Amino acid sequence: MATESRELSGREIGWLNRSLLLTCVAGLAVTVLAGLVQVRFGTYEMTLPQVVGAVFDPLVWFRPNVLATFVLGDGLASALGIDTAFDLPTETLIVWNVRLPRVLVGALVGLNLALSGAVFQAVTRNELASPFILGVSSGAGLAVLLTLVVFANFAALLPVTAALGGTLAFLVVYAIAWQGGTSPVRLVLAGVIVGTVLNSMQTALFFFASDLGTVQAAIAWTTGSLTGVDWEQVRTVLPPTLLVLPGALLGARYLNVLLLGESTASALGMRVERARFLLSAVAILAAAASVAVAGIVGFVGLIVPHMVRTVVGSDYRRLMVGCVFVGPALLVATDLGARLTFQFATGAPLQLPVGIVTGLVGGPYFLYLMRRRNELGDL
Amino acid sequence: MTGPRATETEVPDDDHRGTAPDATMAQSTTDGTAGASDLVGDGLAVGYPATDEPVVECERVVIPAGEVTALVGPNGSGKSTLLKSLAGQLEPWDGAVTLDGESVYGMADKERARRIGLLSQEREEPGSLTVESLVQHGRYPYRGFLDAVSDADRAAVDRAIELAGVEDLRDRRLDGLSGGQKQLAWVAMALAQETDVLLLDEPTTFLDLHHQLHVLETVRARNAEGVTVGIVLHDIAQAARYADNLIAVKDGQLYDWGPPADVVTEGLLADVFGVDATVREGLDGPEIVPRRPLD
Numbered sequence: 001m002a003t004e005s006r007e008l009s010g011r012e013i014g015w016l017n018r019s020l021l022l023t024c025v026a027g028l029a030v031t032v033l034a035g036l037v038q039v040r041f042g043t044y045e046m047t048l049p050q051v052v053g054a055v056f057d058p059l060v061w062f063r064p065n066v067l068a069t070f071v072l073g074d075g076l077a078s079a080l081g082i083d084t085a086f087d088l089p090t091e092t093l094i095v096w097n098v099r100l101p102r103v104l105v106g107a108l109v110g111l112n113l114a115l116s117g118a119v120f121q122a123v124t125r126n127e128l129a130s131p132f133i134l135g136v137s138s139g140a141g142l143a144v145l146l147t148l149v150v151f152a153n154f155a156a157l158l159p160v161t162a163a164l165g166g167t168l169a170f171l172v173v174y175a176i177a178w179q180g181g182t183s184p185v186r187l188v189l190a191g192v193i194v195g196t197v198l199n200s201m202q203t204a205l206f207f208f209a210s211d212l213g214t215v216q217a218a219i220a221w222t223t224g225s226l227t228g229v230d231w232e233q234v235r236t237v238l239p240p241t242l243l244v245l246p247g248a249l250l251g252a253r254y255l256n257v258l259l260l261g262e263s264t265a266s267a268l269g270m271r272v273e274r275a276r277f278l279l280s281a282v283a284i285l286a287a288a289a290s291v292a293v294a295g296i297v298g299f300v301g302l303i304v305p306h307m308v309r310t311v312v313g314s315d316y317r318r319l320m321v322g323c324v325f326v327g328p329a330l331l332v333a334t335d336l337g338a339r340l341t342f343q344f345a346t347g348a349p350l351q352l353p354v355g356i357v358t359g360l361v362g363g364p365y366f367l368y369l370m371r372r373r374n375e376l377g378d379l
Numbered sequence: 001m002t003g004p005r006a007t008e009t010e011v012p013d014d015d016h017r018g019t020a021p022d023a024t025m026a027q028s029t030t031d032g033t034a035g036a037s038d039l040v041g042d043g044l045a046v047g048y049p050a051t052d053e054p055v056v057e058c059e060r061v062v063i064p065a066g067e068v069t070a071l072v073g074p075n076g077s078g079k080s081t082l083l084k085s086l087a088g089q090l091e092p093w094d095g096a097v098t099l100d101g102e103s104v105y106g107m108a109d110k111e112r113a114r115r116i117g118l119l120s121q122e123r124e125e126p127g128s129l130t131v132e133s134l135v136q137h138g139r140y141p142y143r144g145f146l147d148a149v150s151d152a153d154r155a156a157v158d159r160a161i162e163l164a165g166v167e168d169l170r171d172r173r174l175d176g177l178s179g180g181q182k183q184l185a186w187v188a189m190a191l192a193q194e195t196d197v198l199l200l201d202e203p204t205t206f207l208d209l210h211h212q213l214h215v216l217e218t219v220r221a222r223n224a225e226g227v228t229v230g231i232v233l234h235d236i237a238q239a240a241r242y243a244d245n246l247i248a249v250k251d252g253q254l255y256d257w258g259p260p261a262d263v264v265t266e267g268l269l270a271d272v273f274g275v276d277a278t279v280r281e282g283l284d285g286p287e288i289v290p291r292r293p294l295d
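In the order they appear, the protein sequences are chains A and W.
All letters in the first sequence, in the order written, are residues 1 to 379 by our numbering.
All letters in the second sequence, in the order written, are residues 1 to 295 by our numbering.
Think of the hints as simulated: they come from the structure by calculation, not from any bench.
Bear in mind the structure is a predicted one, so any value in this text is a computation, not a measurement.
Among the hints, erroneous ones may be present.
[Unchecked claim] Which residues of chain A face chain W? A few of them, derived with a C-beta cut under 8 Å, are:
1. R125
2. L260
3. G261
4. S263
5. G269
6. R271
7. H306
8. M307
9. V311
10. G313
11. S314
12. L352
13. I356
We put the beta carbon where it would ideally sit given N, CA and C, even for glycine.
Kindly generate the complete structure, drawing on both the sequences and the hints.
In structure tokens:
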């Protein structure tokens, strides 16, 4: 018995196993590489060594006041009594001021969407669930558009209104799908219905926009775009992410028990409804945070958990950690494609919204899921 | 049969049909194993949100301490509903469920899960889960928000796996197991919960004979350690051989209650199961030879 116990404790650390480690390393490598390439290209030409030098410039990393000024912004940093006056080489300034925020926001959006999708998939016991498919993204999107077009004064509250919109949409979807319990397919159908209605309402809002600029911004925004994001968006998405990350990682154990079915979870002493509610709140916050800065980027929340699951299995302790690394990788890489494909093909500085690329990748993946399974959507 | 039996229980006569015989039940609770727990339902009316009428109504039902009690009855008679309600998973519309006098629905959820285990039929299996991870979930009610797995948890998991005889399946994934092996893994999970009362809903249905007996043997071994067992069994012949007490349920009412030798009669088989059968004295209690269905 004693040796058995020792083996057991050995295996327990073993949930951080080889396939998970590989997944994390691969995700990190793709994120960093895609990020560096992303940072390299722009109107100011740089070589890759220059880029690496600028990104990892010790003049930034070893001076807390410089780092804080970038992350917190001039205003907040000086209000906190941090010295915001400093000199940096041109490359470093360009990279840190203009190009790096896009990579950072992309990574954080990917992370949030992946975690959101993973949580939704367990809570609804539905492999097809994701914030996009359950209408949460559309709800958050409508709320953000309303804020931008109608209540422009409340623009600072964007993440909050996005979260409210997402929550409302999710509740409506659940209510429609509920018939003394819900099935995966019914949830997806309800999500599609609610999503379609919400998208129509978003389009309708364009007609009330006062000028063409707002409409254009709104369109780019509903397709999900990282064009022109700044440190301000980093500051918007970072605080909710700092809540989502521990919430999702600590929630993994509860998600694992939920996966055994409602009856078993309840018999094990879990308050199923409360657990579902709290975990859904984490997922909605994650989706809303990413919608607030990048608009509606579809399919990431669906694809990433699924890819990670095929490699590390359905243990949510592993799955969540894997999503933290693969989510950013997918988004930063597709954003790279969105920004540079046309630039290289045609030479014109034309950028696609990243949401179009994830849609192009995600649609076929969804199809593949559908064809491969007999039981559509069951975890 | 290794478990203690309710020897003093009287034969309930026909007047008791529909209502449980209070006096006999009260008597049998006194000779249970010391430290084991009585699970009692009083004046129960149990239903679902979607039903207008209660599905089960009974004056008094007792799962006596330290014994194995089988709930039997035809499909849709309400035996699973009754079990769920006794397990604290379906609050009755009326009446009370008590464990050693303490209200089951008044307990905190985890506390209840440390005292009453229920292996339900409605469950999901993530295929990539290993048997060991499944069994570890049985320790959920013992772990706080940030607690790591303790030595007690590990020991309980080891014991449960050993008792259920699934050591060789320990690291196997559930999607690679047969129905019977899966069932044993689930039983091991319920055992790891280390409850005073263990309730199982049709744990032998759809299994081959070998695994049926394996499951029943495991449960009996747990019972020998003093755990009170309530078990819904589909097969009345199996229930008659295996259980210390039978509770026969018909149309949401208790039809009869007592040791198999008293409960299993040709009259019961006709009234409750709608079967013309011969009942004869066997080596391990009554033996049933079914003849034909009655209209």
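Hint by hint, here is what the structure shows:
The beta carbon of R125(A) comes within 6 Å of a beta carbon in chain W, closer than 8 Å, and the hint placing it at the interface holds. With its C-beta approaching chain W no nearer than about 6 Å, L260(A) sits inside the 8 Å limit, and its interface hint holds. For G261(A), the shortest C-beta to C-beta distance to chain W is roughly 4 Å, which falls under 8 Å, so the interface hint holds. Interface hint at S263(A): satisfied, since its Cβ lies 4 Å from the closest Cβ of chain W, which is below the 8 Å cut-off.
Nearest Cβ of chain W to the Cβ of G269(A): about 3 Å, under the 8 Å cut. The hint holds. Here the hint on R271(A) is kept, as its CB sits about 6 Å from the closest CB of chain W, short of 8 Å. Interface hint status for H306(A): violated, as the beta-carbon distance to the closest one in chain W is roughly 13 Å, over 8 Å. Taking 8 Å as the C-beta contact cut-off toward chain W, the hint placing M307(A) at the interface is violated, the least distance being around 14 Å.
Taken as an interface hint, V311(A) does not check out: its beta carbon lies about 11 Å from the nearest beta carbon of chain W, beyond 8 Å. Satisfaction of the interface hint for G313(A) is found here, the shortest Cβ-Cβ separation to chain W being roughly 4 Å, below the 8 Å cut-off. Annotation: interface hint on S314(A) holds; nearest CB of chain W at approximately 4 Å, less than 8 Å. At its closest, the beta carbon of L352(A) sits 36 Å from a beta carbon of chain W; the interface hint therefore is violated under the 8 Å criterion.
Interface hint at I356(A): violated, since its Cβ lies 33 Å from the closest Cβ of chain W, which is beyond the 8 Å cut-off.
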